[in-house]
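Protein sequences, first through last, are from chains P, H, B and L. Numbering follows our numbering, with no gaps: position 25 of the first sequence is 25. Numbering follows our numbering, with no gaps: position 272 of the second sequence is 272. Numbering follows our numbering, with no gaps: position 608 of the third sequence is 608. Numbering follows our numbering, with no gaps: position 451 of the fourth sequence is 451.
Since the hints were derived computationally from the structure, they do not count as laboratory data. Careful: at least some of the hints might be erroneous.
Stated by the list, open to error - If you anchor each label on the Cβ, the simulated ranges turn out as follows:
#, chain 1, residue 1, chain 2, residue 2, range
1, B, E431, H, V25, 53 to 63 Å
2, B, S143, L, F486, 37 to 47 Å
3, H, G339, L, A446, 28 to 38 Å
4, B, L25, L, G497, 45 to 55 Å
Said to hold, decoys possible - Pairs of lysine-lysine, DSS-like flavour, derived with a Cα cap of 25 Å:
#, chain 1, residue 1, chain 2, residue 2
5, B, K189, B, K156
6, P, K187, P, K20
7, L, K193, H, K139
8, L, K118, H, K17
9, B, K276, P, K20
10, B, K515, L, K584
11, P, K223, B, K276
12, P, K139, B, K515
13, P, K139, B, K189
14, L, K193, L, K157
15, B, K156, B, K193
16, B, K118, P, K20
17, H, K139, L, K515
18, L, K157, L, K118
19, L, K584, H, K139
20, H, K223, H, K187
21, H, K17, H, K187
22, P, K139, P, K15
23, L, K276, L, K156
24, L, K189, H, K139
25, B, K118, B, K156
26, L, K118, H, K20
Quick reminder that beta carbons are idealized off the backbone N, C-alpha and C, glycines included.
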Amino acid sequence: MSEPVRREIPVTALKAKDFKTDQEVRWCPGCGDYAILAAVQGFMPELGVPKEDIVFVSGIGCSSRFPYYMNTYGMHSIHGRAPAIATGLASSRPDLSVWVVTGDGDALSIGGNHLMHALRRNANLKILLFDNRIYGLTKGQYSPTSEVGKITKSTPMGSLDSPFNPISLAIGAEASFVARTLDSDRKHLQGVLRAAAQHEGTALVQIYQNCNIFNDGAFELLKDADTRDDWTIRLEHGQPIRFGRDDVKAVVRDPATGSIRVEEHVAADDPRVVVHDAHNADPAYAFALSRLSGTDLRYTPMGVFRSVERPTYDRLLNDQLDQARAAAEPDLAGLLAGGDTWTVYQ
Amino acid sequence: MSEPVRREIPVTALKAKDFKTDQEVRWCPGCGDYAILAAVQGFMPELGVPKEDIVFVSGIGCSSRFPYYMNTYGMHSIHGRAPAIATGLASSRPDLSVWVVTGDGDALSIGGNHLMHALRRNANLKILLFDNRIYGLTKGQYSPTSEVGKITKSTPMGSLDSPFNPISLAIGAEASFVARTLDSDRKHLQGVLRAAAQHEGTALVQIYQNCNIFNDGAFELLKDADTRDDWTIRLEHGQPIRFGRDDVKAVVRDPATGSIRVEEHVAADDPRVVVHDAHNADPAYAFALSRLSGTDLRYTPMGVFRSVERPTYDRLLNDQLDQARAAAEPDLAGLLAGGDTWTVYQ
Amino acid sequence: MQKEVKRLDRVVIRFAGDSGDGMQLTGDRFTAETASFGNDLSTLPNFPAEIRAPAGTVLGVSSFQLHFADHDIMTPGDAPDVLVAMNPAALRANQGDLPAGATVIVNTDEFTTRSVAKAGYASNPLEDGSLSQFQVQAVPLTSTTVRALEEFDISKKDAERAKNMFALGLLSWMYNRTTESTITFLQEKFARKPEIAAANVAAFRAGYNYGDTTEAFAVSYEIAPAPLPAGTYRNISGNPALAYGLIAAAQRAGLELFLGAYPITPASDILHELAKHKRFGVRTFQAEDEIAGIGAALGASFGGGLGVTTSSGPGIALKSETIGLAVSLELPLVICDIQRGGPSTGLPTKTEQSDLLQALFGRNGEAPVPVVAAKSPSDCFYAAMEAVRIAVTYRTPVFLLSDGYLANGSEPWQVPSVDSLPTIEPGFIREPNGPDGTYLPYLRDAETLARPWAVPGTPGLEHRIGGIEKADRTGAISYDPDNHDFMVRTRQAKVDGIARSLPPLEVDDPTGDAKVLVLGWGSTYGPIGAACRRVRRAGLSVAQAHLRHLNPFPDDLGEILRRYDRVVVPEMNLGQLGMLLRAKYLVDVIGYNQVRGLPFRAAELAEVFKGVITDV
Amino acid sequence: MQKEVKRLDRVVIRFAGDSGDGMQLTGDRFTAETASFGNDLSTLPNFPAEIRAPAGTVLGVSSFQLHFADHDIMTPGDAPDVLVAMNPAALRANQGDLPAGATVIVNTDEFTTRSVAKAGYASNPLEDGSLSQFQVQAVPLTSTTVRALEEFDISKKDAERAKNMFALGLLSWMYNRTTESTITFLQEKFARKPEIAAANVAAFRAGYNYGDTTEAFAVSYEIAPAPLPAGTYRNISGNPALAYGLIAAAQRAGLELFLGAYPITPASDILHELAKHKRFGVRTFQAEDEIAGIGAALGASFGGGLGVTTSSGPGIALKSETIGLAVSLELPLVICDIQRGGPSTGLPTKTEQSDLLQALFGRNGEAPVPVVAAKSPSDCFYAAMEAVRIAVTYRTPVFLLSDGYLANGSEPWQVPSVDSLPTIEPGFIREPNGPDGTYLPYLRDAETLARPWAVPGTPGLEHRIGGIEKADRTGAISYDPDNHDFMVRTRQAKVDGIARSLPPLEVDDPTGDAKVLVLGWGSTYGPIGAACRRVRRAGLSVAQAHLRHLNPFPDDLGEILRRYDRVVVPEMNLGQLGMLLRAKYLVDVIGYNQVRGLPFRAAELAEVFKGVITDV
Ligand SMILES: Cc1ncc(C[n+]2csc(CCOP(=O)(O)OP(=O)(O)O)c2C)c(N)n1
Ligand SMILES: Cc1ncc(C[n+]2csc(CCOP(=O)(O)OP(=O)(O)O)c2C)c(N)n1
Ligand code: SF4
Ligand code: SF4
Ligand SMILES: [Mg+2]
Ligand SMILES: [Mg+2]
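Please take these sequences and the hints and turn them into a complete structure.
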């Protein structure tokens, strides 16, 4: 393994612009990816990690061009495989900060299996899933997050298959950290990035992202000043889940069935109001939260659904190496001559 | 499409032995697969479908040899791909009864993505997942359902990654039918097969199966007469979930947190006891049930976790074909000469 | 003002502008007008990989080239006679392709200092004399259009957008095209926005009149219709032609088509096209990935359908393992590879022929798969039918190779009558074929070596198949060494035997005295053919042959190769067909290879051929 | 009783029994005894695909063949001189391989009417005279063992199980093997069950004594040690040798090895072996599938590790797309393909060489990958080191081909001293290499054309790479036609240039007058070599050469091929190397091909070679 010379400049001196590259950004004008890029570049200095210790790995898709625009190490790999590639990198180089950028097609269609396994494995990866509910790069086919009945080039009579709820799916796959945020809400986005970065293990961040060419306005309900407060459920750990204008709406638990749902006009002291617990060991809680919203986005929880501690794959793996080394020094000659040997003399 | 001549013999006359083939069964003596095979062959006549309309498709693994032993149409395909192949078959031939046989490696490791997508798509497939928590055919490496720390040939210092809970995973993937049963409990197994067969859509049945060569006794806790009643939670729709000797244990809901858990010595009339509702539209309920057991099998729910109605992919697809045909007859000449044409005269 | 009309025999026009300028649409419309006028034609679109590359940059330039003539032509033309440049970047990106004397129509409105700089020019090319070898027609396209649309109640942006229709009108005047079809088209396209429709029609007309009235445009041109065989024609590009070929073949076989596909450039349009034709019993399944796409198609074939999967290079690589399964199962399956620049993600929007060896060898074990290639956009139709014939008759997966150039390029196609299309016999088996009423799924047809196809639902023929080696006849699992050797050779013999069903290879050797044969495959047909014509016009003899079948080769190929002193094999790869020919026939073929993501230029090929001929 | 001792120069013994009879262990022990005695040897295990195939059936038979000699030998032997058959099925499955006069030691206890029938015999072969051409030694192995163990406190089943040790004891007596190592081995193996250990030792001794005292065994044999070069030896099979080679190469390069793999027969044991050696900085990652396995390995290489992935045919097919990415990224990566019978699932436990063309061409686009093959079990060590050298030096994925026969077969290996192993220089770049302190990730080394390897964590060298075509030097995305052509040719030139680092091909032509060259690759080395010896012993001349490098070929190969009147290329496929040679050198090589899932028999090859030689 290389032992690179550490750079002298103090890391704190980094600015957002240090993370820009000389590459012309090639998304469509108005694409939500721009906002995410700016938010991520703005957040990076806070990470407190030297640029050279950061790696962005992506698959293929509009979103997956992301690494070209980050002045860190980066790999624009192949469709769906970024979580696998990043797992190899992160588990052999636990000193790095490894980020994956992917899309709803990249992560959930062709790459679904790698994502799922990355989540259960829990290597130290931060996965940013740009969910525009469409295949952007290939010009507008429906994706595994598109709503049923979606009319696209490949589904002229409407799509037939129920979409995934990426949050539910991730929780079902034993994810230790799952969050959702929005391209246009820079502050919220950066807050979620912060939480993800602090989490040790695989963090999945679903970012609703507008594709203004092929699926424009998909998340308008959560963006439009007239509607967003009515439909966005902000999750904050330790806080009662209240929202809407004047916080009149709340997520309440039905004491009879135990299920949770949204109610309007909930009294301030209603004991049924759920207090958000992102650290709840039982994933059933976060799962229930994830079911509050359907594809119509009505009542969409935003923020960190779940963040629990679990040993990370990279750490466990490197511990085994240390343990093995502690038991005995590597001895190549001994290895080669191991087992039954015999000697032939001249 | 072929229009085969229908057979004259009444279907009801079929016996278990009609489903046996002349192939020598080649599992290790004592393997749990034998019991499953017998149970399936015993169940088939009940299905009320002529043999020639039944297809078994499998991947690769010990379990995936299953089709050779069923005197129906069958395909022993390649590792992990059976759900995809079966989807093509089921959605182009909705008249058939299509069954998938797979293993924990086949379905959840290499084939995880196809499984997940089959579940959300909901074509009319019955997927039998023989879960022995090990790779049998390749001689004993750990699988995605093996408990953490498992020592196998590929993990001499113990496995590192948290396993999937296949029931949780399936529910996270929008499954419309999910159940669990046990190789050695023929009656229960057949009951679950019955429910799966009756379900329209993709049904996932996890079958705990003993691999007596590489993971012997993995499910002993649920089989041993001394322990099984203590640890098995039988799920029956509409019934309070009580179990244990004299039904003293029960699954209760904590009115404060809404979460469910097992309690011992629960009074017969305790209102906190959960009444099983497999048809609950909210998957959060079935998900919570799936979390009652960990890999140690203590308090393992068995039976149908979830069974809800949802349009099936094959039906929707064929409806679109009908709709298109109803709008206009197929006209090949018209298709070829469609769009702008011009004529050149002699 | 009475203007001069000049006759020409052929013209190559290239429309170029920003991705957002609607150049593809403009080109399509000009093509439609030209087609209905009766010229022979050939087109070549060219667009950036980005959905909307940054406006005003060279990378964002999208272009459409059209070659049309009063005689039959084979390529979209090496170099444009006329370039329409909607902005400085479009000029800069295409300038290098222009021969001296070419006409350049530039939209002067866009030549601001900023735009000129953004395109990477140091100074304004309209002013610095750098275009002196061209005939520059400076037209303020944007402002003239906006002025022409003043009375319409549309936004300035919409008015500016109509400048492509203005340009189209101008060119329509220049080349005496008919205008009705474009007017109808615009009215239909914008049926829901009548104001926009009217504005676009007005812009189109304004452009036409601009040509008619402006002094700068002193001459218009007439290109007489080409004397094509009588019949009904349409213009068609390769992807829809391929889709139609599949549908037609399925219909003529009485099979329902099942497409399992995952979107990928440049193959996605086949999925899009087939998705429209459900009434033909076509099921399209957008799978979670390429492996599921081919898997589902194979499942459908097992069920008695016609399984098809479409992709491009990287997706085909993913299908490798399942193709091997299909070889072992011996079920019909058509695998369409619309090739693009490789390796890896490569050049997704560019053309290349570099998947031939992948098609032949890209899977484990001895797993022979027949390979068929299309040679022109409309030929994709017939190539698809041939692929289906082989797949169904021989119960085998078949590769159908097309490429980015064929996929997007277009040419007139004489629409065949349905009755003239061959029928295909699936020959499902319905009765036991073995002793004592048993079914032997691997009992072969003596002539084709095909195994029977027994479909679920057929009583008495229940059977199991799989990817483990199977015993001859019974299909039961067999580890027997001799059986394995036999089955490996039998599968090979089955594929080799397809050659017996092929017509002799056509060799075009008009003078009969050629010493040099040019042999190609796939989309190089046009440029090679055009180059051979040039060579012949120069008084030299050259023979041309083109392979539809890459595996197996036609039986007479070896004999044909040996007839010539030299065999030249031009390919858009590093010599893949060349390798196969050398290996099989031990003939020292001469490869001419370019891997530039673009079709060959006929002129360049002609020079190469001449070089070889004079060298003999 | 003083018994006769006969000298032999070589013997081939085959142990055969039910899968549960412990034949592999028995064979391993006999091999260990033989190795430590100093004979040269070669082994060939053979087992059913099932984990535990049905007891007593021919399908369930597992066998182990050992060839040992007082001189150096090259194969496990064509046919056994001695067969130990633990039951009727074992006899039936192997009988056909026996030459007349062979010795057959049968376990008579198992020849019950039922077992005889189950094995598929119509009548008891011990009684119906059908074994008359063999020397049958009928021994009631089971009952004698049980009787010998009466005093032990173990179950009847355990006692019966020890019959393999009885058989081993008997054979050890017959061939005057040393017994200590087996006794020590048994004591260690059953350390936790001392009673079982003692019983097995007792059974082993009882077998030895049985030979010593029973009249039927009148003769024992002595095979003198082979005069091998001085040194320390161990017996090794291909998979561990390959694993050691990777570890050694990583150590000699100062790199940490990362294996990303998914289990598959016959490659899994490399994963198992490497998993044991974490102290060497070896990380093993059992991935969710083959694609993740290679992806993770590539990720590790990007991080400055030595990425390795192991699989067999079907798994390699799945890796195709990612191999293409590795070609484009130009990062070191070793892809080990332990070939098995194909196509598709094929014959998982059998050997074959049919993935050569997949290794060369199994991915989209022009994506050249160097290919290295091992020729014998111990050679897997050196082949692995060579693969790593190429991967690291040239920054490229490299194929390392082994097969089922090498993986499981074994032979003595002279353990090399660590210092004698070559070192490998990863040459990480640590400073900017471009103008103004920039980093040019595709600026190439003038000699190797390798690009620099800048590892995350190195300040100032931050850069981005990907699978889209890259501009020369800068690595930025480029759609430029000429750049693409250049890069395609450069990647090819880089791989071709590896030939400059290769030693001349060794040709073994002892008399110097051979007219026929036999050229092979991979695991056919042993049988071809043995066959050539036979040919020479018969007084004919033949030259032999064997390729370690299949891509690129050594520079002198063409010249060597042309030196001979005939070139014979034996392969366990339908002629894959043959095709490559014909294509590249236009030499009409003669293929000798078998696809039986088994290694060639030397005798058969010798006849083929003689035929060609006398035909010249
Ligand atoms: C193996 C392979 N299959 C298909 C493609 C084509 N392809 C590229 S991106 C993409 C989907 C993009 O959708 P998404 O991941 O949602 O990203 P977006 O463009 O919307 O950001 C597809 C199908 C490919 N590049 N490689
Ligand atoms: C592409 C491919 N990769 C790997 C294998 C090897 N393989 C066969 S079965 C199997 C796993 C078997 O485990 P599981 O699915 O749990 O089935 P079981 O044998 O336990 O019933 C593996 C890794 C294969 N046949 N094909
Ligand atoms: S196609 Fe959509 S996702 Fe892609 S760059 Fe354009 S706007 Fe963004
Ligand atoms: S290895 Fe295990 S799962 Fe496979 S047949 Fe044997 S007992 Fe059954
Ligand atoms: Mg998307
Ligand atoms: Mg298993």
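Checked hints:
1. Between B/E431 and H/V25 the CB atoms are about 29 Å apart, so this pair departs from the stated range of 53 to 63 Å.
2. At roughly 42 Å, the beta-carbon separation of B/S143 and L/F486 lies within the given 37 to 47 Å, and the hint holds.
3. In this structure, H/G339 and L/A446 break the distance hint of 28 to 38 Å, their C-beta atoms being roughly 56 Å apart.
4. B/L25 and L/G497 have their C-beta atoms about 48 Å apart, which keeps the hinted 45 to 55 Å range intact.
5. In summary, the hint linking B/K189 to B/K156 is supported, as the alpha carbons are separated by about 20 Å, within the 25 Å threshold.
6. For the given pair, P/K187 sits about 20 Å from P/K20 by alpha-carbon distance, which is consistent with the 25 Å threshold.
7. Restraint check for L/K193 and H/K139: satisfied, since their Cα atoms lie roughly 24 Å apart, inside the 25 Å limit.
8. Under the criterion of a C-alpha separation no larger than 25 Å, the hint pairing L/K118 with H/K17 is consistent with the structure, at around 22 Å.
9. Between B/K276 and P/K20 the alpha-carbon distance is near 44 Å, which puts this suggested pair outside the 25 Å criterion.
10. Among the hinted pairs, B/K515 with L/K584 is consistent with the structure: their alpha-carbon atoms are about 24 Å apart, no more than 25 Å.
11. Only pairs whose Cα atoms come within 25 Å are accepted, and P/K223 paired with B/K276 is rejected, the gap being roughly 34 Å.
12. Only pairs whose Cα atoms come within 25 Å are accepted, and P/K139 paired with B/K515 is rejected, the gap being roughly 49 Å.
13. Distance check on the hinted pair: P/K139 and B/K189 sit about 20 Å apart at the alpha-carbon level, within 25 Å; holds.
14. Taking the CA atoms of L/K193 and L/K157, the gap is about 15 Å. The hint holds against a cut of 25 Å.
15. Among the hinted pairs, B/K156 with B/K193 is consistent with the structure: their alpha-carbon atoms are about 16 Å apart, no more than 25 Å.
16. Distance hint between B/K118 and P/K20 is fulfilled; the C-alpha atoms sit about 20 Å from each other, no more than 25 Å.
17. The hinted pair formed by H/K139 and L/K515 fails the criterion: a straight-line CA distance of about 49 Å is larger than 25 Å.
18. A C-alpha spacing of about 21 Å is found between L/K157 and L/K118, which places the hinted pair at or below 25 Å, so the restraint holds.
19. Of the supplied pair hints, the one linking L/K584 and H/K139 is violated, its CA atoms being roughly 42 Å apart against a limit of 25 Å.
20. Pair hint H/K223 plus H/K187 holds up; C-alpha atoms about 14 Å apart against a cutoff of 25 Å.
21. Between the alpha carbons of H/K17 and H/K187 the distance comes to roughly 18 Å, so the proposed pair stays at or under 25 Å and holds.
22. A C-alpha spacing of about 35 Å is found between P/K139 and P/K15, which places the hinted pair above 25 Å, so the restraint is violated.
23. Note on L/K276 and L/K156: the hinted pairing is violated, with a Cα-Cα distance of about 36 Å set against a maximum of 25 Å.
24. Distance hint between L/K189 and H/K139 is fulfilled; the C-alpha atoms sit about 20 Å from each other, no more than 25 Å.
25. Of the supplied pair hints, the one linking B/K118 and B/K156 holds, its CA atoms being roughly 23 Å apart against a limit of 25 Å.
26. A distance of roughly 20 Å separates the Cα atoms of L/K118 and H/K20; the hinted pair therefore holds under the 25 Å criterion.
Checked against the numbered hints above, the structure violates hints 1, 3, 9, 11, 12, 17, 19, 22 and 23; every other hint is satisfied.
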